[in-house]
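If you read the sequences in order, they're chains A and B. Numbering follows the numbering used here, in which position 112 of the first sequence is assigned residue number 112; successive positions increment by one, without gaps. Numbering follows the numbering used here, in which position 38 of the second sequence is assigned residue number 38; successive positions increment by one, without gaps.
If you're looking for bench data, these hints aren't it; they were derived computationally from the structure. Each hint should be verified, as a subset may be incorrect.
Stated by the list, open to error - To list a few chain B residues with every Cβ distance to chain A over 12 angstroms, as calculated: (1) Arg10; (2) His31; (3) Asn148; (4) Gly249.
Claimed, not checked - Where chain A lies over chain B, by a calculated footprint (3+ residues, C-beta under 8 angstroms): (5) 132 to 139; (6) 402 to 415.
We treat Cβ as the ideally placed atom computed from N, Cα and C, and that holds for glycine.
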Amino acid sequence: MGQDKADILPGTLDLLVLKTLDTLGPLHGFGIARRIEQVSKDLLHLNQGTLYPALLRLEQKGWIRSKWGASENNRRARFYSLTKSGRKQLAEEARNWERMATVMARLLTGAEGDLR
Amino acid sequence: MIWLRILLSRFTALFRKKGLEQRLEEELKSHLEMLAEENLKRGMGAEEAHYAALRSFGGVEQTKESYREQRGLPFIESLAQDIRYTLRTLRRNPGFTVVAVLTLALGIGANTAIFSAVNALLLSPYPFPEPDRIMFVEARHISGKNHNTGYHDFHDWRAQNVVFEDMAIAPETLSFTLTGEGEPQRITGGLTTFSFLHVLGIQPLMGRFFTAEEDRPHASLVAVLTYGAWQRRFAGSPKVLGRTMTLDGMPYAIIGVLPARFAFPGVKTCEFFSSVQESPLNGRTQHQYGVVARLKPGVTVERAQADMTSITRRLAQEYPETNTGWGAVVVPIRQALAGLVKKPVLILAGAVAFVLLLACLNVAALLLARASGRAREVAVRASLGATRGRIVRQTLTESVLLALFGGGLGLILAALADGRPAHRSAGGFCSRCYAAAGPYVARFHTGGLTIDGSLVRIGPGVVRFPNRPQHSAEGRRHCLEREEIWQPVSRWPRRRRDGPFTHTANWRWPTAEKFSRGSSRRNRTPDRTCADLRARPFRFPILHQAAADGVLPATARRVARSAGCRCCCGCRYASHERTWVRWRV
Numbered sequence: 001m002g003q004d005k006a007d008i009l010p011g012t013l014d015l016l017v018l019k020t021l022d023t024l025g026p027l028h029g030f031g032i033a034r035r036i037e038q039v040s041k042d043l044l045h046l047n048q049g050t051l052y053p054a055l056l057r058l059e060q061k062g063w064i065r066s067k068w069g070a071s072e073n074n075r076r077a078r079f080y081s082l083t084k085s086g087r088k089q090l091a092e093e094a095r096n097w098e099r100m101a102t103v104m105a106r107l108l109t110g111a112e113g114d115l116r
Numbered sequence: 001m002i003w004l005r006i007l008l009s010r011f012t013a014l015f016r017k018k019g020l021e022q023r024l025e026e027e028l029k030s031h032l033e034m035l036a037e038e039n040l041k042r043g044m045g046a047e048e049a050h051y052a053a054l055r056s057f058g059g060v061e062q063t064k065e066s067y068r069e070q071r072g073l074p075f076i077e078s079l080a081q082d083i084r085y086t087l088r089t090l091r092r093n094p095g096f097t098v099v100a101v102l103t104l105a106l107g108i109g110a111n112t113a114i115f116s117a118v119n120a121l122l123l124s125p126y127p128f129p130e131p132d133r134i135m136f137v138e139a140r141h142i143s144g145k146n147h148n149t150g151y152h153d154f155h156d157w158r159a160q161n162v163v164f165e166d167m168a169i170a171p172e173t174l175s176f177t178l179t180g181e182g183e184p185q186r187i188t189g190g191l192t193t194f195s196f197l198h199v200l201g202i203q204p205l206m207g208r209f210f211t212a213e214e215d216r217p218h219a220s221l222v223a224v225l226t227y228g229a230w231q232r233r234f235a236g237s238p239k240v241l242g243r244t245m246t247l248d249g250m251p252y253a254i255i256g257v258l259p260a261r262f263a264f265p266g267v268k269t270c271e272f273f274s275s276v277q278e279s280p281l282n283g284r285t286q287h288q289y290g291v292v293a294r295l296k297p298g299v300t301v302e303r304a305q306a307d308m309t310s311i312t313r314r315l316a317q318e319y320p321e322t323n324t325g326w327g328a329v330v331v332p333i334r335q336a337l338a339g340l341v342k343k344p345v346l347i348l349a350g351a352v353a354f355v356l357l358l359a360c361l362n363v364a365a366l367l368l369a370r371a372s373g374r375a376r377e378v379a380v381r382a383s384l385g386a387t388r389g390r391i392v393r394q395t396l397t398e399s400v401l402l403a404l405f406g407g408g409l410g411l412i413l414a415a416l417a418d419g420r421p422a423h424r425s426a427g428g429f430c431s432r433c434y435a436a437a438g439p440y441v442a443r444f445h446t447g448g449l450t451i452d453g454s455l456v457r458i459g460p461g462v463v464r465f466p467n468r469p470q471h472s473a474e475g476r477r478h479c480l481e482r483e484e485i486w487q488p489v490s491r492w493p494r495r496r497r498d499g500p501f502t503h504t505a506n507w508r509w510p511t512a513e514k515f516s517r518g519s520s521r522r523n524r525t526p527d528r529t530c531a532d533l534r535a536r537p538f539r540f541p542i543l544h545q546a547a548a549d550g551v552l553p554a555t556a557r558r559v560a561r562s563a564g565c566r567c568c569c570g571c572r573y574a575s576h577e578r579t580w581v582r583w584r585v
């Protein structure tokens with residue numbers, strides 16, 4: 001429908017956050033949002049506000065933990081880091097995602113012409 | 001196990017709200033500042049940087065609201081909120097509250113008191129085994145004047161009958177003066193024969209009941225405590241056996257304690273039981289004792305009656321001076337208690353049931369009257385984004401709370417009525433019922449009433465929910481005064497990307513004039529088009545802005561923000577099916 005940015009698929013935000021924390025280590029919400037936007041090269045439209053409920057959800061599940069710290073500009077910010085069970089979860093979700101992606105890719109290659 | 005973990009963390013969040021709220025506030029603030037900083041580096045002006053940050057963050061208040069939903073237990077939080085709100089409104093309308101609670105209390109109280117009588121008499125099982133075998137044996141003169149038995153006659157009955165397992169004198173209540181334990185006190189005791197517990201088929205909880213020897217005249221005095229007296233006067237101490245009580249100046253040795261479930265008609269106030277120890281004078285002329293007996297297994301009431309008739313005939317022949325004209329009637333205990341009073345009790349129960357019904361109706365009418373008075377409140381809440389379910393739930397909480405108050409007070413009233421002497425001795429019937437089931441009955445009533453009340457309340461809650469604020473008379477006036485109409489967000493014109501305002505070319509602006517005639521969705525005449533709109537941007541105040549200007553009270557401001565109203569500061573609004581937004585015409 002002429003949208004230039006894709007919305008994030010439901011359920012994938014968790015994976016994005018976990019992977020970001022896995023790659024970059026402890027990071028604050030702003031950093032996570034920035035990173036996701038950078039990696040997606042602005043293809044993905046992230047409503048930054050939605051990040052916080054997602055972070056809380058992950059924290060409640062015990063996959064990440066958070067504590068106050070100082071940002072690079074010496075601003076007080078809450079830093080999130082991956083826990084052990086979070087790492088395990090990441091591995092699992094990544095596997096699931098790849099499987100799904102493979103299936104989708106396989107399915108779509110046949111109909112590529114129509115999709116352009 | 002993850003759900004347990006989530007539940008736990010959500011639950012603990014309920015109690016750390018303040019700290020968590022602050023954390024959220026700070027976190028979002030630092031996020032926005034970082035965004036703004038970045039924008040500044042890109043060369044934006046300070047204000048521009050701030051707004052750009054807000055834009056790319058997207059709805060700060062929406063974020064907070066969904067964060068809060070994720071954090072705590074929304075159900076419990078909104079329940080607590082409703083309860084607080086209800087208490088506040090009830091406090092603010094003391095007249096209404098007092099009337100409603102009193103009405104309910106009277107209804108429930110009367111019902112509880114009467115229903116416990118019905119329950120004890122007609123419904124509940126007696127607290128001893130095989131109550132159907134327990135009979136009252138009543139002496140009956142041919143003139144029908146007396147129902148009691150003389151001491152000697154009782155002994156003859158007991159010795160000669162072949163149909164009863166055992167017979168006992170039904171406890172006769174007497175008042176004693178208890179001394180030696182602080183201030184002298186009046187204490188009620190029941191005088192009976194040693195066979196009493198055997199007839200009822202129960203065992204003492206501790207110690208023993210008195211024996212045939214202790215039943216003889218001039219034997220040593222003994223007392224068996226009821227469970228209540230044991231708890232109250234001796235703090236349930238097991239060392240109570242062997243102690244003595246001084247009653248009317250005589251030492252009574254405490255030899256046993258009755259079980260908690262012990263009950264017998266007419267002895268509710270008794271704190272102990274002792275032996276009758278009747279001296280054999282006037283044993284046939286003083287008709288003063290009730291007799292209770294247990295049928296042998298398999299013996300019918302008719303057979304027992306026949307046996308008793310032959311015994312009394314024999315006695316009349318033996319002692320013609322005293323016993324001529326005296327017979328005996330065997331009456332099952334249930335019938336004896338219920339037979340006399342079944343009809344009046346049922347009539348009374350019916351009457352108080354109607355009283356309750358009336359109380360309910362009254363309260364319902366009060367609530368209804370109040371509901372129409374509160375149409376505006378509902379309208380405002382609805383327009384701020386409360387769903388119908390939410391409003392119904394709030395009214396439900398209100399009525400449940402009201403019913404609970406009424407029920408609580410009713411319970412107290414019933415308890416008071418139960419303890420009244422008039423109640424105990426009236427016609428000898430109430431004295432015979434034990435209302436152990438009272439509290440359960442009250443609970444039952446309260447529960448029932450809560451449901452009644454709720455139903456009564458849901459009605460208005462649903463009915464009064466205005467489809468649009470302007471559709472209720474009150475809302476219409478309110479809106480007209482302010483030249484406002486209310487539109488659900490879902491009916492907003494589709495957003496166009498290019499302008500500050502959202503509209504489609506063919507979307508028409510409804511008019512105040514049309515609307516004042518009670519317009520329906522269909523027959524609105526357009527008189528202003530979007531061109532007008534564009535020309536008059538100042539006519540586009542939206543709740544968020546109104547909130548920022550402090551036009552709305554604080555609570556409304558919060559609700560309005562969370563409802564996802566579009567903000568003039570440029571942040572995105574989340575379109576919300578159920579959200580209403582105020583438009584000025």
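How the hints compare with the structure:
The Cβ of Arg10(B) sits about 7 angstroms from the closest Cβ of chain A, inside the 12 angstroms cut-off, so the non-interface label is violated. Listed as a non-interface residue, His31(B) fails to keep its Cβ farther than 12 angstroms from every Cβ of chain A; the least gap is roughly 5 angstroms. Distance check for Asn148(B) against chain A: the nearest CB is about 75 angstroms away, which clears 12 angstroms, and the non-interface claim stands. Non-interface call for Gly249(B) relative to chain A: holds, since the shortest CB-CB distance, roughly 74 angstroms, exceeds 12 angstroms.
Counting residues of the region 132 to 139 of chain B whose beta-carbon sits less than 8 angstroms from any beta-carbon of chain A gives 0, not enough to reach three: the coverage restraint is violated. Check result for the region 402 to 415 of chain B against chain A: violated, 0 residues qualifying (beta carbon to beta carbon below 8 angstroms, three or more required).
In summary, the numbered hints that this structure violates are 1, 2, 5, 6.
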